[in-house]
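This is what each chain is made of:
2 protein chains.
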Amino acid sequence: MSASGTSIDPAILERVAFNADGLVPAIIQQWDTLEVLMMGWMDAEAFRRTLTEGRVTFWSRSRQEYWRKGDTSGNVQYVKGAALDCDGDTLLVTVDQLGVACHTGTRTCFDGDQLAPVVGEAPSTAHDRSEAS
Amino acid sequence: MSASGTSIDPAILERVAFNADGLVPAIIQQWDTLEVLMMGWMDAEAFRRTLTEGRVTFWSRSRQEYWRKGDTSGNVQYVKGAALDCDGDTLLVTVDQLGVACHTGTRTCFDGDQLAPVVGEAPSTAHDRSEAS
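Respectively, the protein sequence lines represent chains A and B.
Take the first sequence: its position 81, counted from the start at 1, is 636 in my numbering, and no numbers get skipped.
Take the second sequence: its position 16, counted from the start at 1, is 571 in my numbering, and no numbers get skipped.
Excised from the complex, chain A in its bound form:
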């Protein structure tokens, strides 16, 4: 049974702060391991499809077309949950990712280019203070 055309609550759509191109970034996170798999972009229609079809659909900025993850690769993203951030301009979607998320063949799109930042260290008592306040 297709969910195509299923509408979503207009009040939800109104809370999404789409950018000047009509897009919102969507962070995709594996629901159980909590790996950040990738980030993609959605317009209102891709957002609607993602919330109503049980599978993630992006808007491909490079190809200018809808892209339901896994339709060609088999690497389907089944939707487990979704949340808007505090100002509505970023979406977090938790998914069950089949296979790999990245078109390069790695599990996540962040596996290939680890940078080596200077690492910061919280003062030993800092967490205690912040938890106590």
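Hint data in this document are derived by calculation from the structure and do not stem from the laboratory.
Ideal Cβ positions, reconstructed from N, Cα and C, are used throughout, including at glycine.
One thing to keep in mind: the hints can contain errors.
[Unchecked claim] Computed footprint of chain A on chain B; a stretch qualifies when at least three of its residues, placed anywhere within it, have a C-beta under 8 Å from a C-beta of chain A:
no. : region
1   : 574-586
2   : 661-670
[Said to hold, decoys possible] Beyond 12 Å from chain A on every Cβ pair, some chain B residues (computed):
no. : residue
3   : Glu600
4   : Gln619
5   : Tyr621
6   : Trp622
7   : Thr627
Fit chain B to the known structure of chain A by using the hints.
Below, chain B alone, put in the same frame as chain A:
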């Protein structure tokens, strides 16, 4: 000792695909719990500071100024790691977050507006197939 002015490898900067506004989105993830805390934006200078200072600096699009997380709130983000995605247009920064990440007072910026998407379900054999191939 200040790391202000410390440069980064130009080859790294060349791999970052800044958008038309000169910005790249940065997903901030707690290093141990793997919570996605927030997303912010960095220009080349905020990116440089984040990679060299041990603390996360954003470019505030609304205030049009640099914003080193925690300077006013105390909710510092200490950098633990960083990675560019496969096409260099998204950054993932793992951090040790003091206190809360969100200005609304919640631990993450995604705690306040949980949507209720239709949930998808992988066929029972799907993971086996994808792992075997």
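Going down the list of hints, with the structure as the test:
Using a Cβ-Cβ cut-off of 8 Å, 3 residues of the region 574-586 of chain B lie near chain A, which meets the minimum of three, so the contact claim holds. Given a C-beta distance limit of less than 8 Å, the hint that chain A covers the region 661-670 of chain B holds, as 8 residues qualify and 3 suffice. For Glu600(B), the requirement that its beta carbon stay farther than 12 Å from each beta carbon of chain A is met, with the minimum near 15 Å. Look at Gln619(B): its CB is around 16 Å from the nearest CB on chain A, clear of 12 Å, so calling it non-interface holds up.
Here Tyr621(B) stays apart from chain A, with its beta-carbon at least about 17 Å from theirs, past the 12 Å limit. At roughly 14 Å, the least C-beta separation between Trp622(B) and chain A is larger than 12 Å, which holds for a residue marked as non-interface. Every CB of chain A lies more than 12 Å from the CB of Thr627(B), the least distance being 14 Å, so the non-interface label holds.
Checked against the numbered hints given earlier, this structure breaks none of them.
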